[in-house]
Amino acid sequence: MMPTVRLAFSPAPVHVRTARLVGVAVARRAGVAEDLLDEVRLAIGEACTRAVTLHRQYGLSDLVEVEMTDAPGYAVRVIDRAPIEAGLGLTTLPPDELADEALTDEALTTGVGFALLAGFVENLQVRPVDEGIGTEVRMDWPVRR
Amino acid sequence: MELSLATRTAEDHTVLAVGGEVDVYTAPRLRERLIELIDAGARKVIVDLGGVDFLDSTGLGVLVGALKRLRAVSGTFALVCDKEPLLKIFRITALDQVFPLYRSVDEAIAADSGSGA
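Chains as they are written, first to last, in the numbering used here: chain Y, 1 to 145; chain P, 1 to 117.
Simulated from the structure, these hints should not be mistaken for lab results.
None of the values given here were measured: they were computed from a predicted structure.
The beta carbon of each residue, even a glycine, is placed where N, CA and C say it ideally should be.
Take the hints with a grain of salt, since some may be wrong.
Claimed, not checked - Distance windows between CB atoms, simulated: (1) A25(Y) to K68(P): 35 to 45 Å; (2) L37(Y) to G51(P): 40 to 50 Å; (3) N123(Y) to L87(P): 23 to 33 Å; (4) D12(P) to R145(Y): 25 to 35 Å; (5) G20(P) to D35(Y): 15 to 25 Å; (6) R91(P) to E101(Y): 40 to 50 Å.
As the list claims (entries may be wrong) - According to the in silico footprint, chain P covers these stretches of chain Y (three or more CB under 8 Å from chain P): (7) 4-18; (8) 96-104; (9) 115-125; (10) 129-142.
Claimed, not checked - Beyond 12 Å from chain P on every Cβ pair, some chain Y residues (computed): (11) D35; (12) E39; (13) R41; (14) L60; (15) T69; (16) I79; (17) L108; (18) T110; (19) G111; (20) R145.
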């Protein structure tokens, strides 16, 4: 499926907001229900934040890519170019570990970010990209026609 | 909307009112302000999220960081939030079991004073 809108941005935190705004605009245009748009905004933000964080962690200047497709449903792919072992190491954290003194801020943010993705996206897939190095986070939402 | 931060004192509590979007770009400013307040001696801190219209994992990480810093100096930390979309974020991440969450600043102050903390 060819993407409807494709966006690529340098891995800087300031651009994540732009990705969220574009993602929600395309979702609205695609027919995603209004009451889901907050979740779309949050999920795209989390996926892009994750990608930006990984690129910075590995010193990569490659662009983070976001592809949005509006048929048959609204699908978003966020693609990073970090080593796969880093990208797939996503886990949710149990409540008693969240405020654990030994937990680093980075680990906490990663765990919480993944909990938000898993909680807000009904159909979430995290997998290696088909070509080259990197991971794609794929998210789908239903649309009303 | 850009991040806004305003500090005031209510009884013996330091209230930081946050507005706008707290995300990977703006969260470092929130972290700096919280650290400044704690370093300056604030021990009963309430963060009022009433004006926040977006909060992501980075922002949540900053809030947990402040909670830990205050615990380390025998301080208290509470959040004020009455917006359902934000409350849902706390529930999904299980952080509603980590933070004392109140509907209003008055409620947070009353609960903190009542606990003798």
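Okay, the hints, checked on the actual structure:
1. A25(Y) to K68(P): 35 to 45 Å: Between A25(Y) and K68(P), where Cβ atoms are some 38 Å apart, the hint holds.
2. L37(Y) to G51(P): 40 to 50 Å: 20 Å, violated
3. N123(Y) to L87(P): 23 to 33 Å: 24 Å, holds
4. D12(P) to R145(Y): 25 to 35 Å: Check failed, 57 Å falls outside 25 to 35 Å.
5. G20(P) to D35(Y): 15 to 25 Å: Hint holds: Cβ distance 22 Å, inside 15 to 25 Å.
6. R91(P) to E101(Y): 40 to 50 Å: This hint is violated: roughly 24 Å between Cβ atoms.
7. 4-18: holds (count 4)
8. 96-104: Since three or more residues must qualify, the claim that chain P covers the stretch 96-104 of chain Y holds, with 3 doing so at under 8 Å.
9. 115-125: Satisfied; 4 residues make the cut.
10. 129-142: It is violated, with 0 qualifying residues against the three required.
11. D35: Non-interface label fails for D35(Y): nearest chain P Cβ at 10 Å, not farther than 12 Å.
12. E39: Violated, because the least Cβ-Cβ distance between E39(Y) and chain P comes to about 9 Å, which does not exceed 12 Å.
13. R41: 7 Å, violated
14. L60: 16 Å, holds
15. T69: 24 Å, holds
16. I79: Given a closest Cβ separation of 17 Å, the condition holds.
17. L108: Label violated. Min Cβ-Cβ 5 Å, cutoff 12 Å.
18. T110: 8 Å, violated
19. G111: 8 Å, violated
20. R145: At about 26 Å from chain P, R145(Y) clears the 12 Å cut-off, so the statement holds.
Hint compliance for this structure: hints 2, 4, 6, 10, 11, 12, 13, 17, 18, 19 are not met, and every other hint is.
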